[in-house]
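Hey, can you work out the whole structure from these sequences and the hints?
Note that numbering that gives the first Met the number 0 has the first sequence beginning at 0, numbered continuously upward.
Treat the hints with caution; some may be incorrect.
[As the list claims (entries may be wrong)] Straight line, CA to CA, 25 Å or less: simulated SDA-like cross-link-like pairs of lysine to any residue:
1. 50 / 70
2. 116 / 102
3. 50 / 74
4. 112 / 49
5. 65 / 36
6. 41 / 66
7. 50 / 75
8. 113 / 63
9. 112 / 124
10. 12 / 46
11. 50 / 111
12. 65 / 41
13. 90 / 63
14. 116 / 86
15. 104 / 126
16. 112 / 99
17. 65 / 32
18. 104 / 16
19. 50 / 61
20. 50 / 66
21. 113 / 126
22. 126 / 74
23. 104 / 89
24. 113 / 70
25. 112 / 126
26. 104 / 84
27. 104 / 63
28. 65 / 126
29. 65 / 26
30. 126 / 75
31. 65 / 49
32. 113 / 61
33. 65 / 114
34. 41 / 15
35. 65 / 42
If you are wondering where the hints come from, they were derived from the structure by calculation, not from laboratory data.
It should be emphasised that the depicted structure is a prediction, and the values quoted were computed from it without experimental measurement.
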Amino acid sequence: MGRQPCCDKVGLKRGPWTIEEDHKLMNFILNNGIQCWRMVPKLSGLLRCGKSCRLRWINYLRPDLKRGMLSEMEENQIIQLHARLGNRWSKIASHFPGRTDNEIKNHWNTRIKKRLKILGLDPSTHKPIEQKEKSTAIVDETPESDSPKEQEEVLEAPDNKAERDGSEIEGRKNEVDMSSDETADLLNNYGILCESLDVDLWMNQDNTNTSNTSYSPSFSSAGDSSSIQVDSLQQWVDSVDSMLSWDGFNQLEDELFFLENGQ
DNA sequence: AAGCTTTACAACCGCGAACGT
DNA sequence: AACGTTCGCGGTTGTAAAGCT
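As structure tokens, this is what we get:
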């Protein structure tokens, strides 16, 4: 028996969301919360599947989203976490309040991968590319795996990973045949970075920050969605202004009827 | 200015986990 | 325990915007 589709796709809209659809979804969720994603489109009058609604809410409409470029510090933290967790984007994202797993995944694929390659590091193993090629040549010729489990086997136990990363990088750095001064400098910077970062420390800070952020929305995540509330509408409106990709939404500011109607 | 390529990111898909019956 | 349903995750694709020739 095959797997059932997540929804009856007949008559459902796909592709980019319109502002009207966003309005509908936000209005519905603000008024009703999220009991069951499957029912959301039916009850809100959207011609989308529940899955699509969930994704739109989590990745774009959630009021507590932090929009805009990831800082270099955030990038570095992502690299550190990726070394420990592999492609577990949701786990990684959980350390960045207001950031989504999709956002971090995209950022990884479009920017950080390149950055690591420039540094002479394999993005999936975080090891110098030359060294990896040597070892794989000896062992076998199977392509690298992106599977987190396999990565975890490749990667050492996480406990002392952070502490060792710096010295390891420093050690490997010497093994790498530096093709240019620039590459050497970049690699050196990464080594210094690894040494200076105490991942466990900032992870703990992050965890505490999660509950202490200056903007601490009362919206629960989708996973804990039964009790969505709005305790500060103004905060949300302010945050909406900072959502970079809400182009064209500002002009509708006066039309945010759903905010008023929702309360 | 036009056409092509690259980049960035929103959205989709399929799978496994979790949960309820 | 078995089965069905829903959710969440990670991989992948589609496409608009930006950059380049």
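Hints and how they fare:
no.: 1; hint: 50 / 70; result: violated (30 Å)
no.: 2; hint: 116 / 102; result: holds (20 Å)
no.: 3; hint: 50 / 74; result: violated (29 Å)
no.: 4; hint: 112 / 49; result: violated (32 Å)
no.: 5; hint: 65 / 36; result: holds (23 Å)
no.: 6; hint: 41 / 66; result: violated (29 Å)
no.: 7; hint: 50 / 75; result: violated (31 Å)
no.: 8; hint: 113 / 63; result: violated (29 Å)
no.: 9; hint: 112 / 124; result: holds (11 Å)
no.: 10; hint: 12 / 46; result: holds (5 Å)
no.: 11; hint: 50 / 111; result: violated (28 Å)
no.: 12; hint: 65 / 41; result: violated (29 Å)
no.: 13; hint: 90 / 63; result: holds (18 Å)
no.: 14; hint: 116 / 86; result: holds (17 Å)
no.: 15; hint: 104 / 126; result: holds (20 Å)
no.: 16; hint: 112 / 99; result: holds (18 Å)
no.: 17; hint: 65 / 32; result: holds (21 Å)
no.: 18; hint: 104 / 16; result: holds (21 Å)
no.: 19; hint: 50 / 61; result: holds (15 Å)
no.: 20; hint: 50 / 66; result: holds (22 Å)
no.: 21; hint: 113 / 126; result: holds (14 Å)
no.: 22; hint: 126 / 74; result: holds (17 Å)
no.: 23; hint: 104 / 89; result: holds (9 Å)
no.: 24; hint: 113 / 70; result: holds (16 Å)
no.: 25; hint: 112 / 126; result: holds (13 Å)
no.: 26; hint: 104 / 84; result: holds (13 Å)
no.: 27; hint: 104 / 63; result: holds (19 Å)
no.: 28; hint: 65 / 126; result: violated (31 Å)
no.: 29; hint: 65 / 26; result: holds (20 Å)
no.: 30; hint: 126 / 75; result: holds (16 Å)
no.: 31; hint: 65 / 49; result: holds (24 Å)
no.: 32; hint: 113 / 61; result: violated (29 Å)
no.: 33; hint: 65 / 114; result: holds (23 Å)
no.: 34; hint: 41 / 15; result: holds (19 Å)
no.: 35; hint: 65 / 42; result: violated (28 Å)
Of the hints listed earlier, those the structure fails to meet are numbers 1, 3, 4, 6, 7, 8, 11, 12, 28, 32, 35, in rising order.
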